[in-house]
Amino acid sequence: MSAADLRASTSGATGLRVRGLDAAYARGPKVLFGVDLVAEPGLVTALLGPNGSGKSTLLKALVGLVPSTGAIELDGERFGALGLRERARRLAYVPQRTQLAARLTVRAVVELGRFAHRDPFARSSAGDDEAVAGALDEAGVAELAERRFTELSGGEQQRVLLARALATGAETLLLDEPTSSQDVRHVLELHGTLRRLADRGRTVLVVLHDLAEVRRHADRAVLLDGGRVHAAGTADEIVRDDRIGAVYGVQLIEGAGLGYRLREQEDAR
Amino acid sequence: MSRAAACWVVVIVLLAGGVVASLLVGAGDLSDAALRERFLVLRGWRLANAFLSGAALAGAGVLVQGLFRNPLASPSLIGTSAGASLGGVAVLLLWNTLLAGALPPWLPAELVLPIGCLVGAWASLAILLAVTGRDASMITVLLTGFILSALFLSVVGLLSAIAQERYELGRAVVAFTLGGVESTGPRHALLALPLVAITAAVSMGWCRHLDVLLSGEDEARSLGVDVPRVRRWVIVWAATLTAAAVAIGGNIAFVGLVVPHVLRSFVGELHRALFPAALVGGGAFVVWADVLTRVVPTTSPIPLGVVTGLVGAPVFLVLLARASREGRIV
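As given, the protein sequences belong to chains R and W, one line each in that order.
Heads up: the first sequence is residues 1 to 269, going by the numbering used here.
Heads up: the second sequence is residues 1 to 330, going by the numbering used here.
Honestly, the hints are just simulated from the structure, not real lab data.
Please note that a few of the clues may not be correct.
[Said to hold, decoys possible] Computed beta-carbon distance windows for the label pairs: (1) W/P105 <-> R/T105: 55 to 61 Å; (2) W/S324 <-> R/P29: 37 to 43 Å; (3) R/A126 <-> W/L143: 42 to 48 Å.
All values derive from a computational prediction rather than experimental measurement.
Note that beta-carbon positions come from the ideal geometry of N, C-alpha and C, so glycine has one too.
Taking the hints into account, I'd like the entire structure generated from these sequences.
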């Protein structure tokens, strides 16, 4: 029994299981065709594929933003049967770009993540404040808390959106290219955060573009091509010359590129 | 003291000043002890009506701006104020012509117009909701509201033209379309107060939904907001507030647009802070505007809606100019 299996069996969480998912935008062409996918608790599962292969659409379909047919099961329950607030408490979504253009403070943005936990008239509870503070810390944006969201860089905004997702307390996290606007250091920190969340038994499904990142930081990977699952397996099984070549039409060069990591004393954080 | 707290102090001081000015200023002479109490009571009710209509309009403005996620939206966008105007003018005309001033015994004459407004407003709301359906986009709501407004205002124009055939009726219609609270009394206030109070209280419960909606419809949904449901109900509350305001004071221009807009830069964009501030701020604004209608020396009083427009539009221009100099959209 692997560590992940052990955690899953003790927490009762079985993660996200998707079978035969078809999705199409309203009055648009079909985008996903019979997608099967498993994201287990305790693991970081990467979703990769060329531009237009349906990665973002898949995440949106899982959140219910794009109409879909097929089975989505979250920790053993049919996701579609849950109410919207219940869904928000169980599954959090970090979009690639936000529509949020209001001049709110970072703290206020993260507090929006507590919506599904509150009554409309209730003031924020101690539990809310704790969740918000924890989320700000975890996403590494605590020092930005009083800044205006609209005045932040794209990378900082993405981390604030992660904090908002963490504030929901959801056990399952879907992230759409959270590292796309981050500098090298923040890419590493973000993966460190995702790893810690997985280690605590959360289910993490993350869209990544950088194949080196997938191999270094993800446990499992699902490779999409043209709206279908081309292959799924461990990150090493998927980021292989034959598969990558077939889908992207490029050749992998082992050992190429610069390596970097956080410094020793920071690793221990 | 935080900006928001300072803003509340200013708004409350303004309101208090408005209350005093509104009681003291006017055509009647308060030094006559025999008439003093009578004047004060009349002015008190007029003051209450000015406050209620301003509060309702500014509150509706916050709701509509939150719904459209656009600080330039105003309550007139959803067609209710035009519907209320049409209801009001239609009732004035009907009552003065076909009904020849006859009324059922339970209906006081001064409530004919307000009730016509409420009926017109809710009828236009019903049409809007029926046309847009559950899953309509905000663009559909916007366009439907715009078309309904245009249609209703055309009919208002037609009825006003017809009304000019009788001098008194024509004057009444013009006075109503320009807005004003000078001839309102306790019955108006007692009709509008429960509507405004209950709707405002209920709306407070929807402010958190609107806060999350600042993130856009997709993100709001992923955070647990049932967007179509919020849209429907918030339209209902905004329409009801607008209806109540038009029923008391006719079409008072610019309040629903300018007041939330000015307050937003002080209390912030979160609706649960902005909405209550707009209620009080909108009330204070219209109370002062009503005072102004009495102090400007003219032979006949200036309509209230003209004053709010004359004050509101330049304020808005200044805000726009400042915002565009700072390189941000308003």
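A quick look at each hint next to the structure:
1. W/P105 <-> R/T105: 55 to 61 Å: Between W/P105 and R/T105, where Cβ atoms are some 58 Å apart, the hint holds.
2. W/S324 <-> R/P29: 37 to 43 Å: holds (41 Å)
3. R/A126 <-> W/L143: 42 to 48 Å: Holds - the Cβ-Cβ distance for R/A126 and W/L143, about 46 Å, lies within 42 to 48 Å.
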